[in-house]
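Participant: Protein chains in written order, with this note's numbering: chain A, 1 to 341; chain B, 1 to 341; chain C, 1 to 341; chain D, 1 to 341.
Fair warning: there could be bad hints in the mix.
No copy is singled out in the list; a pair is fine if it fits within one copy or between any two copies.
[What the hints assert, rightly or not] Here are the simulated lysine to aspartate or glutamate pairs, DMTMM-like style, with alpha carbons at most 20 Å apart:
1. Lys-283 with Glu-89
2. Lys-266 with Asp-131
3. Lys-163 with Glu-74
4. Lys-160 with Glu-74
5. Lys-283 with Glu-268
6. Lys-266 with Asp-152
7. Lys-266 with Asp-53
8. Lys-160 with Asp-104
9. Lys-283 with Asp-50
10. Lys-283 with Asp-152
11. Lys-283 with Asp-17
It is worth saying that the hints were derived from the structure and are not from the lab.
4 protein chains.
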Amino acid sequence: MGRAHSNAYRQVSSFYDLPYTVEQSILCGRNADNLAAMAYRWGWRETSSDWRDVVSRPDIDIIDVAVPNNLHAEIAIAAARAGKIVFCEKPLANSVTDSATMRDAAAARPNMVWFNYRRVPAVQQLRAMIDSNRLGPIFHYRGFYLQEWGNDPSRPPNWKTDKSIAGSGVLGDLMSHSLDLALYLNGPIASVQALQRTFAPGREIDDATLVLAQFANGSIGTFEATRYATGCKNRNALEIHGEFGAARFDLEDMNRLEFLDATQPKDEQGFRNLLVSANRYWKPGHIVGYEHTFISALGDFLIALANKEPFEPNFEDGYRVQLAIDAIQRAASTGSTVQIQ
Amino acid sequence: MGRAHSNAYRQVSSFYDLPYTVEQSILCGRNADNLAAMAYRWGWRETSSDWRDVVSRPDIDIIDVAVPNNLHAEIAIAAARAGKIVFCEKPLANSVTDSATMRDAAAARPNMVWFNYRRVPAVQQLRAMIDSNRLGPIFHYRGFYLQEWGNDPSRPPNWKTDKSIAGSGVLGDLMSHSLDLALYLNGPIASVQALQRTFAPGREIDDATLVLAQFANGSIGTFEATRYATGCKNRNALEIHGEFGAARFDLEDMNRLEFLDATQPKDEQGFRNLLVSANRYWKPGHIVGYEHTFISALGDFLIALANKEPFEPNFEDGYRVQLAIDAIQRAASTGSTVQIQ
Amino acid sequence: MGRAHSNAYRQVSSFYDLPYTVEQSILCGRNADNLAAMAYRWGWRETSSDWRDVVSRPDIDIIDVAVPNNLHAEIAIAAARAGKIVFCEKPLANSVTDSATMRDAAAARPNMVWFNYRRVPAVQQLRAMIDSNRLGPIFHYRGFYLQEWGNDPSRPPNWKTDKSIAGSGVLGDLMSHSLDLALYLNGPIASVQALQRTFAPGREIDDATLVLAQFANGSIGTFEATRYATGCKNRNALEIHGEFGAARFDLEDMNRLEFLDATQPKDEQGFRNLLVSANRYWKPGHIVGYEHTFISALGDFLIALANKEPFEPNFEDGYRVQLAIDAIQRAASTGSTVQIQ
Amino acid sequence: MGRAHSNAYRQVSSFYDLPYTVEQSILCGRNADNLAAMAYRWGWRETSSDWRDVVSRPDIDIIDVAVPNNLHAEIAIAAARAGKIVFCEKPLANSVTDSATMRDAAAARPNMVWFNYRRVPAVQQLRAMIDSNRLGPIFHYRGFYLQEWGNDPSRPPNWKTDKSIAGSGVLGDLMSHSLDLALYLNGPIASVQALQRTFAPGREIDDATLVLAQFANGSIGTFEATRYATGCKNRNALEIHGEFGAARFDLEDMNRLEFLDATQPKDEQGFRNLLVSANRYWKPGHIVGYEHTFISALGDFLIALANKEPFEPNFEDGYRVQLAIDAIQRAASTGSTVQIQ
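In isolation and in its complexed conformation, chain A is listed as follows (with noise of 0.2 Å):
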């Protein structure tokens, strides 16, 4: 995540309007070498191995946590402690008491956590379709994350599969981003039930996740999890289903929306297919990637902080889909429906 992170704060100033000079101070990380690599190809000015050292600098107003999981908490409580803004990598912490100590710990200053894919363009214009009430009360709501590369026997173990750093599999890693776009769009969730397979001999995390949800709004959801889906590379996907319209996404056609109107005349309803790709960047029809999401979240936290406005998603958010991957964790250890406070 560090070269995505670092295109950002390189790339911000390029699209956005800001306020701000951003700069690019201190690198922070355990392998020297590969620091000094790493600072000099995307323009970080020092690096550092010692995170404490840099959080306790007085010339640092931002501290970005991208490290393992079980990690976050230790950093980011300390750097917000220490009086700085504080932005995390998802899933906020390995559990919900981390994370509601790490959200009441930066509660002082505005804050966020890369749910960068809130950021697609595609995915601003549906929440901005949601807010005008383009698709009516909801019924169903659908959410997939589905890759392939546990299926790639080739592959060595990494910290993801690792449950002591992890804290689970598919769940925090993929899952996670499904249930934070499922909250922006669809609002809370009321209760799962869920199931859980390690497919990989030997391995502790979850491998796949499916969950079935009632939300508060009256809809029913599911939602599936895994790195077993052959054919899949990335496939990041959302459906929704309401009374006046239907949406559907995939992050693998990044730049397309599809939208359904059910109040056009019955013989004109069908999924249309819109190009949306952020006037900000170029011109309609020049599509963008994914590190687009990472400079827009960038962008509008800075926006949003130099107004005085609030910025979403933040660390309050970390703390709901923590509660939500708690609840299907003990829903798929009992097989029984468990409620989301």
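Start from chain A and add chains B, C and D according to the hints.
Facilitator: Leaving out everything else, chains B, C and D in the frame of chain A:
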């Protein structure tokens, strides 16, 4: 369904080389006026409003039961006991007990349940690919049957929304097809969790049913059926991911099978769009429609009958779907996992 | 084509309320053995190997000419002069002169040329949209008919690759359909440029024909027909762009019409995928196939006949397509623009 | 184009291991106010409004010409004669003569014409497949560049619709890209027929250009460029059919390549949807956008420069496209076939 069945009897001899002459003897129903018109239009020689009389006639070989669900058992059992070959619409019955009795009563002769979507050419090709291990060990199965007409307030209630007749809502009407295809393609289901929802005020039946499933082969799956999926006219779709490949099908694109071969070089792996339209009917690339699934089911049955070979889907298959339906209803009412025997 | 035509006669009364009883009187052909089997399979009462005899019989009302192209004229003219209603396969003839003679001979009675793709439900809906000005003034038209079987060396030559019989290659066989649809949807063609190519050694007919066209309405277009478009089984596709909207159709997805409404707000404009399957046959969302275009052409003809209303496409339409074919051949041979009278 | 070029210089070192340090020395333009703001936003050290002065500076190695078409020749020639490496936007010039002079002037050093779409990852993969004969001998080529903004009356005229500046309309602006891709993928064009049309009253340039082409390799093709293709924001698409396979690409789905392998068993042949996003940037399945084509063109140029290897597309490629443009204009004005030398 009377039209689709009538059409199959009328058409089967044009597309199949049969050792039988198909005679459309009697069209049986309750409304004498409608019956006569329909019999004339579809080539039935006689009409009758007394099914018991028809069942007892010695010149009849096959009884085809295409009445509301709650009437299936009595007629099918009587016909079987009268020595007839029996065909029955799906779901086979409104209870496991009735299904078992029907299965046992009909067991002396070949029989058929009209899970016609097994005969979609693309589904046939998919099954053949699975049989030759092109998909390898299966990880994931997904079955959807999404319609939208529940969301149309101008539509009058009919027997399909009357619980005393239909037994269930989308579970028996739509998901039964998805369950049968899953059993056909991926084998027995071991356990289920489920969530059901009635959206329309005053209705008793399920407008939507969601299911998480564990299959006996170690794969896991989701099922979803609804009449409130705005934008979906008849999306009877499935997706299956295995170690060596993956496949997708959607009845709205009935002549297409999407297939991914995961044994190809990585950079040449992608879902490929196969146009599958059955050589039996027209030239390649000339597509077939809904009705051909009925013609093929009937034709295959008659060929199997002549060859004294087993035919599927039969009442045993209908019974197995009923077991799943029953388990799903119990799972939904308890919110907990239910094993299927 | 005998099968598709036979099927239409056999099926039309089931789907249309006709004031006529359709009697399948005589199947006429050259091979007595095949004829008998085919007549039995498709419900023809008699067979004959002498078309002159059939044409002279007083108990026959309609003569349907579905023989190789070079035989169309003689039979159709004889049938017309014998007072019969005449149907004829496309292209109407192998020359403008023959087409004109056929048109004149048949003019006393309603007649039909089997440009069956006008009866695709999606094409019907597109024409209705054009008639109600949903597309506005037209800028561009594109018509493709792409097949691949020319590229199959295992395939034996047949009459379609014999110039003395077929008259032309893909121009008459495939592009005639595209031209008829263009005339139907976008009006007369004023001039053409063309390029033809024979890929197979030793063949005389065109394996591929490319055309640039100016339409009388001010729009411009391209046409392409080939039997060497690897990957295309039967891509009979068209696209049309107007000031107020655009539309696309592809016979391989026969139940789909893509439509874009350019009068909607800019950010909601996208091609929408309409599922168009004709209410006459099955329920919405239950798709129809190749054969329904023949059934609908026949049914519409018979309804028009009963109502003494004009029917299209008729021999006049066949003649107009012949004018375009003739102009394209002259343009291809000179490499220069040819006006169509 | 200034933004896309600036972005490439700013980003190339993050994604390429270069033996050079890229310095963004001078941004040159006519409007001093805009220049300063843009230089600040995109990281240019200096600004200048005198291109002659810039061209003569000894501390500049590369001159990148991104001005209106009619100014290309003078600046590029001066820069080349001053010993600079020259990059130039497309089309290279407004005449064959100017193109030839530019090519000759720049020949002493490596140079580049910004046909950036050669660097789309999917196009790169397609070229590699063609090089390894995966498509076999080619039969058909199709190149489209369809936009819709000509049909927007609210849009003010700009230099792209002024013939004295742009030289041509869509032919130079859009079809030049299609022609370059065709030459890159399918080799030289031997002859053309063409049709041009101006839809907007009072305009002199071509709003639409249609072409039929014969390639030197025996294949035939069509090209179409227009700004009146309602519904098409940026459909730069191509399709190619060979004996062993076929492929399709559309810039609106820039991360996709459709490929059909005609050597597979017949019933497993279908266009497969390859997600191609370049490993250089992000993880597989994480898509890239418009700007990456510029970054990759620049990065590949610099690597080739360091390795003293040839680079394409260069001014010779720009000249060859100009030959085709010139032939198309003559063909359109005469309505007859024009050979390309």
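Participant: All hints are to be evaluated individually against the structure, with a verdict given for each.
Facilitator: Evaluated hints:
1. Lys-283 with Glu-89: So Lys-283 and Glu-89 pass the 20 Å test across copies only (17 Å; inside, 30 Å).
2. Lys-266 with Asp-131: Between copies only: 18 Å across chains, 24 Å inside a chain, cut-off 20 Å.
3. Lys-163 with Glu-74: Within one copy, since 18 Å is at most 20 Å while 56 Å is not.
4. Lys-160 with Glu-74: within (19 Å within a copy, 57 Å between copies)
5. Lys-283 with Glu-268: between (29 Å within a copy, 17 Å between copies)
6. Lys-266 with Asp-152: between (46 Å within a copy, 11 Å between copies)
7. Lys-266 with Asp-53: Answer is neither; intra-copy 64 Å and inter-copy 44 Å both fail.
8. Lys-160 with Asp-104: Neither way: Lys-160 and Asp-104 sit 27 Å apart in one copy and 53 Å across, limit 20 Å.
9. Lys-283 with Asp-50: neither (43 Å within a copy, 28 Å between copies)
10. Lys-283 with Asp-152: Between. Shortest inter-copy distance 15 Å satisfies the 20 Å Cα cut-off; intra-copy 39 Å does not.
11. Lys-283 with Asp-17: Cα proximity of Lys-283 and Asp-17: one copy only (18 Å, versus 29 Å across).
In this structure, the earlier hints numbered 7, 8 and 9 are contradicted, and the remaining ones agree with it.
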